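Number of protein chains: 2
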Amino acid sequence: MTTASTLIEQLAALKITSAGVTSPVQHNAVENVADWKAELNGKSLPDGVTGAPVFTKTLVLKPKLPKSQPTSPVMVIAKDETDTNMTSLAKELKLKELRFANADLLSGFFATEKGSVSPFSLSQVAEADRSNVTIVVDSTIVADSESYIAFHPLVSSQTIFVKSSELLAYIKSLNGFKSYVVVDFAELASKNSAPAAAPAAPKASSQKAKPAAAAAAAEPTTTNTDGIQALKEDDFPSWYQQVLTRSDMLEYYDVSGCYIIRPWAFHVWDSIQTFFDGEIRKLKVKNCSFPMFVSSRVLEREKDHIEGFAPEVAWVTKAGSSDLEEPIALRPTSETVMYPYYAKWIRSHRDLPLRLNQWCNVVRWEFKNPQPFLRTREFLWQEGHCAYLHEREADEEARAILTLYRRVYEELLAVPVVEGRKSEKEKFAGAHYTTSIEGYIPATGRGIQAATSHNLGQNFSKMFDIAVEDPDVTAKKLYAWQTSWGLSTRTIGVMVMVHGDNKGLVMPPRVSEIQVIVIPCGITVKHSDEQRKAIHDACHDAAKALIDAGIRAEVDDRENYSPGFKFNHWEVRGVPIRLEIGPKDLEKKSTVAVRRDKLTKSFIPVSELAQQVSSLLDTIHNDMLAKATAEFAANRKLIQKWEDFVPALNNKAICVIPWCNREACEDEIKTRSANETTLGQPEDSRAPSMGAKSLCIPYDQSAYPPIKAGETKCVQCGKDAECYALFGRSY
Amino acid sequence: MTTASTLIEQLAALKITSAGVTSPVQHNAVENVADWKAELNGKSLPDGVTGAPVFTKTLVLKPKLPKSQPTSPVMVIAKDETDTNMTSLAKELKLKELRFANADLLSGFFATEKGSVSPFSLSQVAEADRSNVTIVVDSTIVADSESYIAFHPLVSSQTIFVKSSELLAYIKSLNGFKSYVVVDFAELASKNSAPAAAPAAPKASSQKAKPAAAAAAAEPTTTNTDGIQALKEDDFPSWYQQVLTRSDMLEYYDVSGCYIIRPWAFHVWDSIQTFFDGEIRKLKVKNCSFPMFVSSRVLEREKDHIEGFAPEVAWVTKAGSSDLEEPIALRPTSETVMYPYYAKWIRSHRDLPLRLNQWCNVVRWEFKNPQPFLRTREFLWQEGHCAYLHEREADEEARAILTLYRRVYEELLAVPVVEGRKSEKEKFAGAHYTTSIEGYIPATGRGIQAATSHNLGQNFSKMFDIAVEDPDVTAKKLYAWQTSWGLSTRTIGVMVMVHGDNKGLVMPPRVSEIQVIVIPCGITVKHSDEQRKAIHDACHDAAKALIDAGIRAEVDDRENYSPGFKFNHWEVRGVPIRLEIGPKDLEKKSTVAVRRDKLTKSFIPVSELAQQVSSLLDTIHNDMLAKATAEFAANRKLIQKWEDFVPALNNKAICVIPWCNREACEDEIKTRSANETTLGQPEDSRAPSMGAKSLCIPYDQSAYPPIKAGETKCVQCGKDAECYALFGRSY
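Protein chains in written order, with this note's numbering: chain P, 34 to 764; chain U, 34 to 764.
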């Protein structure tokens, strides 16, 4: 449960620091707006509050729904004076009827009570329930950019004051909700002169609302259909959430930070597993399974390592009704789980190399905002852990695995990445060095670490005594050289972010559970039963021909759904090719193939289906990769002087700079870029003004002018540059 | 950490209840035997203690080992008067040197201190360390069956008295240790008249030790080699543990009840996954991934269900250094995790059937003795969860899956099982009914539940509101019919127990990571380099021919290891076929194939390798299955009168009885069979005298005389029999 003070911390993190947010005005608890006004009357308001504050009402309404439907409340945030006619609103939202929610719904759903309800109650809604809430914002609030608006920070005995832009930023910062709907109640009333409804002209002359249409254009309204309402370019977080849930990839779960990976997404992970597992077997890596429980004694054995993970470790302390004698950790990664046994198993140089991998779940109890696939408290991954006699072998393997990771992204997901080495600051806790592949999300201009492969050096082997006698020198002890490397379900999130569009998901063909969806089209009432059957048969024949050629094809022959509905259904899910067969196609022994990535049509003769579809799938893959590669390349800007650095970031670029490779300079880059962004640019909640971190030092330095010793200088500090490095805002 | 009082509970559970065990004699803490005798002098001893108690010393010794070796202490349990000469002992145990352990070792390894050391300190040794401990028992203790022996129950301020048989039973009850070694110190001393050692004749005339050889035959001594020392028929628990660890299938882990599944065992699981996953895909089941965390609110929603699991649920209550606001459970199974979302996703009959599966880990924090693969606190499994519109569909699926489970056992693991339905008492918590396959472990005569498939009926759908409108009747609500079904890594344990022999594991060919191991043989110093090379080449050619034919073959061409060493190495690991190629075979263009299951030899011409080996692998599979099937069949005894029931159990049989199918009668069978066993038979720690439970009501009732209504009576209660049921002692 959020408390008023943690809420205020959250608001501060969102840079919502208007007058009164940090120190609410205290007063007696109130139950309605009249009491509230009375309580504040004469109280001294916080310094920043200029002008008369605007009082608001926050209503929680309940539509009439069949009992089998989940509770789907509507929250209306309106100025006190606005006439929020519920009949008109119900009509506008296409709901049967709206009534005030009862105390049970307020307490059960919003963990609040009458009088205390405010927009901030939204943060108390369980994640699993959020997509069922409709949020309505009075257009007069949206239009009023100057006034301070009074709200309760969860309790009705306190009041804070925020501006409308801050209110909207807060709502957007919450995960899992549908986009809010801006409603012009005055216009609604004039539109809906329903007999039962009293004429609902605005009561107050102060209303200078923009027309609802304009407000709606800025903030797309939504009624809950199958399609995607949010625009990728305008409201990326909502877009991402809608694409994931409406494509049936993901479901929000009632434990925060955890998500359900549905079959449509799980197939992607399955494809990655099949490819990668096959490749590492060739490298003689064997699969195994270690426990997910770690005793604290073992977990804490490598100091640097545990310092990196300790704040995120989840602890089991109870079983049944008994307290455990010692708390037991859930693995955040398995170095310390495995290596005591490596020490036991590795007795002689003949026991080396030891190469193990496991596909498992790990737990990192992040307190930052969770995000499906990208930052979750439990996630699936593989972790490889190898031990070698020689440094060179560990070097080579770390790179070989990194290359496999790149191939997963490029060859399966059609996502370009850059191979490189992490800076000292950004390397894995306890590693000798870390290599990574780095991706790029064009919509936000942020880099993303796509996978890492570490040469652990001898750090862990010394700590855990993984050592053998030198086979060449008697009585000389050699510590093993180790690697560890991991690839997680984050892959899926990156794939969605890079390829998705405003119609939904765009699935790279090689990982799509269905590669071709065959849809019977053009059947009308005038067609005979034989004609219908002929078309359906043609669809199934086409699918069979494709399946026989190893292509994953299905027919959508559901009755009672129009072709248009089906087109939309499969577009949202991103199926690479839609194959349409109608009466005319049947005559011409042809089919219509529609590419999901470009939405272009082509005609494929039935006789050439398997061969042409197969090559079209490859073309789609190559085109998707080429497009994303061009976009990433165009946004990797070579920056030669600091003045260009922050403007490039603000322009959604990743910066390539000649760099001195010093941690102090890296810190400075982060601080300076954060400060300058905040100073120079208007705040934009969608592209947060975070500082730039080093992403990697690319292995391929040849794309840039050679570094000349003593001549090429670091862009930030002016010291001698050592290399080119990628810096950017990142996930 | 064990405390004295929990130790006493453990001893009571082992039926070690000798005089003084339940209420130790309290005294001042002592540091040596002299003080101890003084402390007890004049104290009134517990009632049962007759005769003068025997005082003992428990010594912890440390052999000199290279630093890279793990700590491997030797514990000597001897009568106080026995001269435990360390030099002789070291020689006998083939150790370099033995010294007294220091305080660090006592506290770090045994969690004890000088003066408090006793055999009971063994229960404090971490599981991972146990296999490194050598336990030596003075033969004069073993021989003295009458006296009460004094020991400290973990603290030196208390004394309990046990008989020697109870001491040995206690030691055997501990998991993870090598078998203890019985040593006749008197004989050692006479054998080793080493110059430095003082002549070590027995000091006390009371010694009537059996010769060490006899003791050793009864309790096989062990020096830590690669092979299996314990005999399957004599000491099944030690045998099982040795087979698992020495075949590199499993490693003990430092969190109790958790184990490391090493690649040699994981490949078995992998093979099962590949087969079963392919089969359920044909049934249109899709894979997905649900979180392992469950909120208590959701977990507790189905009352019967949670009652079944609550005592074993592990709870996360802390993350980093913060307490969670609400404890979160780790899934023991996923019904309540998944079904709230089934309710959300299933809105219309068109959303049915919904068929999902996940391969994952689950946690059941059992407080009973853990056992690798069979009863572990975390285990791997698949769990399928389907929802249907009609009862019939759920019935059919539950059975279809059960048949797949049977096929996993029979077709992959060569293990016979019986398909049947569980009694009401034994069904899954919350299910409508449970079907299961039941296996049989000949060595212990116990049944084992091998997998279960449940028809959940509408119990969960009513609780979670998984309902649709009847497609045929307007406004009629239909609750879904559900199934859930699971197969776990228990499979591996059953496979090992059924097939293993006194040489180690016997791997069923279809799941063995290596099916054929090719070993160059017969090379001596008189052979030329060319001859050596020719043999090695022939081995690699043979392996290649096999691999090309889809057979998993490898060459063991390690230098410095004799063929005999290699034979033993792969026999312990159970590789189905050993292929030997020596100089004479080379001449004859032949090979020698040795079957692991029967240890028989045959000659296979090089030209027919692929074909003959392939068919030999099938023969081995069929022979293994046939042998186990015959053994199971021979031990399923049709019992017609109660007097034969317990004798059959004691004879390691499973009883098939005409049964009334009433829970009260089932309870009675358990109680009666337990009581009669204890009364009639001598106690045997290896075949525990537990009562018989119902295993299943076999689907195939045709093997037994038809049940005649009103005529055929229940064997236990004499009421009308409804069916034949399998009863037995079970895991």
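No lab work stands behind these hints: they were computed from the structure.
Treat the numbers as computed from the prediction; the structure is a model and nothing was measured.
Incorrect hints may have been included.
For chains that are exact copies, the list does not tell them apart, and a pair is met inside one copy or across any two.
[What the hints assert, rightly or not] Straight-line distance between alpha carbons at most 25 Å, and here's what the computed SDA-like set of lysine to any residue pairs gives:
1) K205 x K685
2) K319 x F308
3) K458 x N694
4) K746 x P296
5) K147 x E220
6) K147 x K746
7) K577 x N320
8) K95 x S381
9) K336 x T350
10) K317 x E284
11) K336 x K685
12) K100 x T507
13) K315 x K336
Status of the hints after comparison with the structure:
no. : hint        : result
1   : K205 x K685 : within (20 Å within a copy, 68 Å between copies)
2   : K319 x F308 : both (15 Å within a copy, 19 Å between copies)
3   : K458 x N694 : within (10 Å within a copy, 69 Å between copies)
4   : K746 x P296 : neither (51 Å within a copy, 51 Å between copies)
5   : K147 x E220 : neither (28 Å within a copy, 88 Å between copies)
6   : K147 x K746 : neither (63 Å within a copy, 66 Å between copies)
7   : K577 x N320 : between (36 Å within a copy, 23 Å between copies)
8   : K95 x S381  : between (71 Å within a copy, 22 Å between copies)
9   : K336 x T350 : both (23 Å within a copy, 24 Å between copies)
10  : K317 x E284 : between (37 Å within a copy, 21 Å between copies)
11  : K336 x K685 : neither (38 Å within a copy, 53 Å between copies)
12  : K100 x T507 : between (79 Å within a copy, 14 Å between copies)
13  : K315 x K336 : neither (34 Å within a copy, 50 Å between copies)
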